[in-house]
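A.B. asks: Here is how the chains run, residue by residue.
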Amino acid sequence: MDEQSSIFGKFLTLMENDTALIEQLKKGDERALSGLYDKYSAAIYSVILKMIKDEGKAQDILQETFLTVWEKAEQYDSSKGRFYTWVFRIARNKTLNILRKNEPLIQSDDLSVYKNKEDAIRIDPKFLELNGAITQLELHHRQAIELVYFRGLTHREAHQEMDVPLGTFKSYVRQALKQLRASYAKAMNVLLLILYVL
Amino acid sequence: MMDKKTILEKGLLEQYILGELSLEKRHQVEQILRADSKLRDVFDALERDLERLGMDNAISPPPAVKNNLLDKIKSSRSKTAQIDSQTNRTNFKFYFGIAASLAALLLVSSFWMYSELSKLKGEVQSIETENVNLNGTVEDLKGKLTQNTELYAAITHPDTKQYILEGNALMPEGKIISYVNRSTKSVVINTERLPKLDEAHDYQMWADVEGEMINMGVIDKTQPLIAMNYIDHSESLNVTIEPAGGNDHPTVERLVTNVILR
Numbered sequence: 001m002d003e004q005s006s007i008f009g010k011f012l013t014l015m016e017n018d019t020a021l022i023e024q025l026k027k028g029d030e031r032a033l034s035g036l037y038d039k040y041s042a043a044i045y046s047v048i049l050k051m052i053k054d055e056g057k058a059q060d061i062l063q064e065t066f067l068t069v070w071e072k073a074e075q076y077d078s079s080k081g082r083f084y085t086w087v088f089r090i091a092r093n094k095t096l097n098i099l100r101k102n103e104p105l106i107q108s109d110d111l112s113v114y115k116n117k118e119d120a121i122r123i124d125p126k127f128l129e130l131n132g133a134i135t136q137l138e139l140h141h142r143q144a145i146e147l148v149y150f151r152g153l154t155h156r157e158a159h160q161e162m163d164v165p166l167g168t169f170k171s172y173v174r175q176a177l178k179q180l181r182a183s184y185a186k187a188m189n190v191l192l193l194i195l196y197v198l
Numbered sequence: 001m002m003d004k005k006t007i008l009e010k011g012l013l014e015q016y017i018l019g020e021l022s023l024e025k026r027h028q029v030e031q032i033l034r035a036d037s038k039l040r041d042v043f044d045a046l047e048r049d050l051e052r053l054g055m056d057n058a059i060s061p062p063p064a065v066k067n068n069l070l071d072k073i074k075s076s077r078s079k080t081a082q083i084d085s086q087t088n089r090t091n092f093k094f095y096f097g098i099a100a101s102l103a104a105l106l107l108v109s110s111f112w113m114y115s116e117l118s119k120l121k122g123e124v125q126s127i128e129t130e131n132v133n134l135n136g137t138v139e140d141l142k143g144k145l146t147q148n149t150e151l152y153a154a155i156t157h158p159d160t161k162q163y164i165l166e167g168n169a170l171m172p173e174g175k176i177i178s179y180v181n182r183s184t185k186s187v188v189i190n191t192e193r194l195p196k197l198d199e200a201h202d203y204q205m206w207a208d209v210e211g212e213m214i215n216m217g218v219i220d221k222t223q224p225l226i227a228m229n230y231i232d233h234s235e236s237l238n239v240t241i242e243p244a245g246g247n248d249h250p251t252v253e254r255l256v257t258n259v260i261l262r
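Sequences listed follow chains L and H, in order.
Just so we're aligned, residue 1 is where the first sequence starts under my numbering, counting upward by one.
Just so we're aligned, residue 1 is where the second sequence starts under my numbering, counting upward by one.
Fair warning: there could be bad hints in the mix.
[To be verified] Taking lysine-lysine pairs in the PhoX-like style, the calculated list, with each CA pair at most 25 Å apart, reads:
| no. | chain 1 | residue 1 | chain 2 | residue 2 |
| --- | --- | --- | --- | --- |
| 1 | L | Lys27 | H | Lys74 |
| 2 | H | Lys175 | H | Lys196 |
| 3 | H | Lys72 | L | Lys57 |
| 4 | L | Lys80 | H | Lys4 |
| 5 | L | Lys26 | H | Lys72 |
| 6 | H | Lys72 | L | Lys80 |
| 7 | H | Lys66 | L | Lys94 |
| 8 | H | Lys66 | L | Lys39 |
| 9 | L | Lys72 | H | Lys25 |
| 10 | H | Lys185 | H | Lys144 |
| 11 | L | Lys178 | H | Lys25 |
| 12 | L | Lys178 | H | Lys5 |
| 13 | L | Lys57 | H | Lys74 |
| 14 | H | Lys38 | L | Lys94 |
| 15 | H | Lys185 | H | Lys142 |
| 16 | L | Lys27 | H | Lys72 |
| 17 | H | Lys66 | L | Lys126 |
| 18 | H | Lys66 | L | Lys72 |
| 19 | H | Lys66 | L | Lys57 |
| 20 | H | Lys38 | L | Lys186 |
| 21 | H | Lys25 | L | Lys39 |
| 22 | H | Lys72 | L | Lys94 |
| 23 | H | Lys4 | L | Lys178 |
| 24 | L | Lys72 | H | Lys72 |
| 25 | L | Lys26 | H | Lys66 |
| 26 | L | Lys80 | H | Lys25 |
| 27 | H | Lys74 | L | Lys26 |
| 28 | L | Lys72 | H | Lys74 |
| 29 | L | Lys80 | H | Lys38 |
| 30 | L | Lys27 | H | Lys196 |
| 31 | L | Lys39 | H | Lys72 |
| 32 | H | Lys25 | L | Lys94 |
| 33 | L | Lys101 | L | Lys27 |
| 34 | H | Lys38 | L | Lys178 |
In short, the hints are calculated from the structure, not lab data.
Keep in mind it's a predicted model, so treat the numbers as computed, not measured.
Model the full structure from these sequences, guided by the hints.
C.D. replies: Now the structure itself:
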């Protein structure tokens with residue numbers, strides 16, 4: 001039942017319309033920022049953590065990200081994408097900037113900024129674990145998603161990391177997302193079934 | 001050129017969502033998304049999937065992060081307000097400064113103008129006084145000129161005769177030159193050579209008419225050329241030393257000079 005209610009909660013989160021909150025945010029309403037933070041900070045924090053692997057820095061970047069959200073709210077255009085996507089990109093860019101600033105000499109062709117962070121881990125390993133539908137993917141699909149989504153690599157960097165051709169890598173990503181979609185659809189069916197039973 | 005097929009094959013939608021694309025490619029993708037509603041549907045589904053993926057892996061940050069964030073927003077707001085009010089205060093100070101400077105300038109210039117005015121008033125007054133003095137002097141000079149002109153006219157008149165009154169034993173050094181004109185009935189004397197008397201005495205002139213001494217006037221010690229009273233039928237001119245202001249009768253013992261008129 002716990003799992004079902006959590007699925008239900010996530011379903012609601014996805015369906016919920018942020019329009020009103022975002023409008024309030026653009027008008028400089030702190031409560032709107034607070035509401036949007038409550039909704040998205042955990043997902044964003046996870047992405048930042050997995051990229052920078054340092055809880056203190058991740059918290060700073062998370063704060064900076066939402067400060068930017070607050071200051072640049074005007075620039076968010078809902079016709080170009082979801083609010084989460086916008087915040088995700090801000091967080092990703094901020095984290096990559098920090099990583100690149102700390103490792104200026106690593107700025108080689110392959111831009112493997114993450115590589116040298118491995119030995120300076122200041123993070124509870126459980127934060128690096130993946131959860132949910134992605135865990136049910138085949139390893140190479142899962143890895144492809146992990147690299148571009150949770151590690152901040154570009155497709156070009158990631159295919160080198162996985163040592164497969166770019167085209168192959170892209171098809172991994174596509175396949176992975178297709179499977180994820182199927183998995184979410186299944187969850188949705190379960191949800192609908194629950195709703196029907198109720 | 002980018003089309004729907006390329007976008008799907010190259011995984012550009014995924015890269016767009018992840019923020020990997022260049023600005024130029026981003027604009028191209030956005031353009032095609034606006035035009036192609038089916039592609040837009042794919043895009044929307046993809047966005048949801050990736051959001052769901054994020055939600056699946058959410059890790060709650062410590063509450064302190066949110067508190068710091070909200071504090072920071074509040075303090076930046078109050079800072080902005082402070083800066084605003086500071087700006088206002090600065091503006092106020094600025095304008096007050098200008099006003100004060102102007103007032104000070106006005107005050108100083110007023111003082112200066114007042115002192116200038118007082119100075120000018122003083123100058124005008126002294127000029128007026130000087131003017132009065134000058135006018136007085138001019139009047140004096142005019143009077144003197146008239147007098148001198150008259151005396152000169154009397155002296156140079158063709159009918160005027162000159163008689164010299166030499167000093168006697170009482171006044172051996174002194175003498176008086178007199179100019180007598182019987183037709184115009186005038187007597188003018190030159191007293192330059194009369195010795196000075198003390199304050200208590202004056203020279204007085206007398207005309208002798210048939211043995212009687214008639215007063216012709218006290219000789220003014222300050223004037224070198226004086227017109228005296230003309231007395232008809234006078235036979236001689238006589239000068240005596242009398243108490244200051246003159247006497248009713250001549251003090252014969254103090255007769256200093258005389259001359260017979262012919």
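A.B. asks: If a hint holds in the structure, say so; if it does not, say that too.
C.D. replies: Status of each hint after checking the structure:
no.	hint	result
1	Lys27/L to Lys74/H	holds (15 Å)
2	Lys175/H to Lys196/H	holds (12 Å)
3	Lys72/H to Lys57/L	holds (17 Å)
4	Lys80/L to Lys4/H	holds (17 Å)
5	Lys26/L to Lys72/H	holds (17 Å)
6	Lys72/H to Lys80/L	violated (29 Å)
7	Lys66/H to Lys94/L	holds (18 Å)
8	Lys66/H to Lys39/L	holds (12 Å)
9	Lys72/L to Lys25/H	holds (22 Å)
10	Lys185/H to Lys144/H	holds (21 Å)
11	Lys178/L to Lys25/H	holds (24 Å)
12	Lys178/L to Lys5/H	holds (17 Å)
13	Lys57/L to Lys74/H	holds (22 Å)
14	Lys38/H to Lys94/L	violated (32 Å)
15	Lys185/H to Lys142/H	holds (24 Å)
16	Lys27/L to Lys72/H	holds (18 Å)
17	Lys66/H to Lys126/L	holds (22 Å)
18	Lys66/H to Lys72/L	holds (18 Å)
19	Lys66/H to Lys57/L	holds (15 Å)
20	Lys38/H to Lys186/L	holds (23 Å)
21	Lys25/H to Lys39/L	violated (30 Å)
22	Lys72/H to Lys94/L	holds (18 Å)
23	Lys4/H to Lys178/L	holds (18 Å)
24	Lys72/L to Lys72/H	holds (15 Å)
25	Lys26/L to Lys66/H	holds (19 Å)
26	Lys80/L to Lys25/H	holds (14 Å)
27	Lys74/H to Lys26/L	holds (16 Å)
28	Lys72/L to Lys74/H	holds (16 Å)
29	Lys80/L to Lys38/H	holds (15 Å)
30	Lys27/L to Lys196/H	violated (116 Å)
31	Lys39/L to Lys72/H	holds (20 Å)
32	Lys25/H to Lys94/L	holds (21 Å)
33	Lys101/L to Lys27/L	violated (34 Å)
34	Lys38/H to Lys178/L	holds (17 Å)
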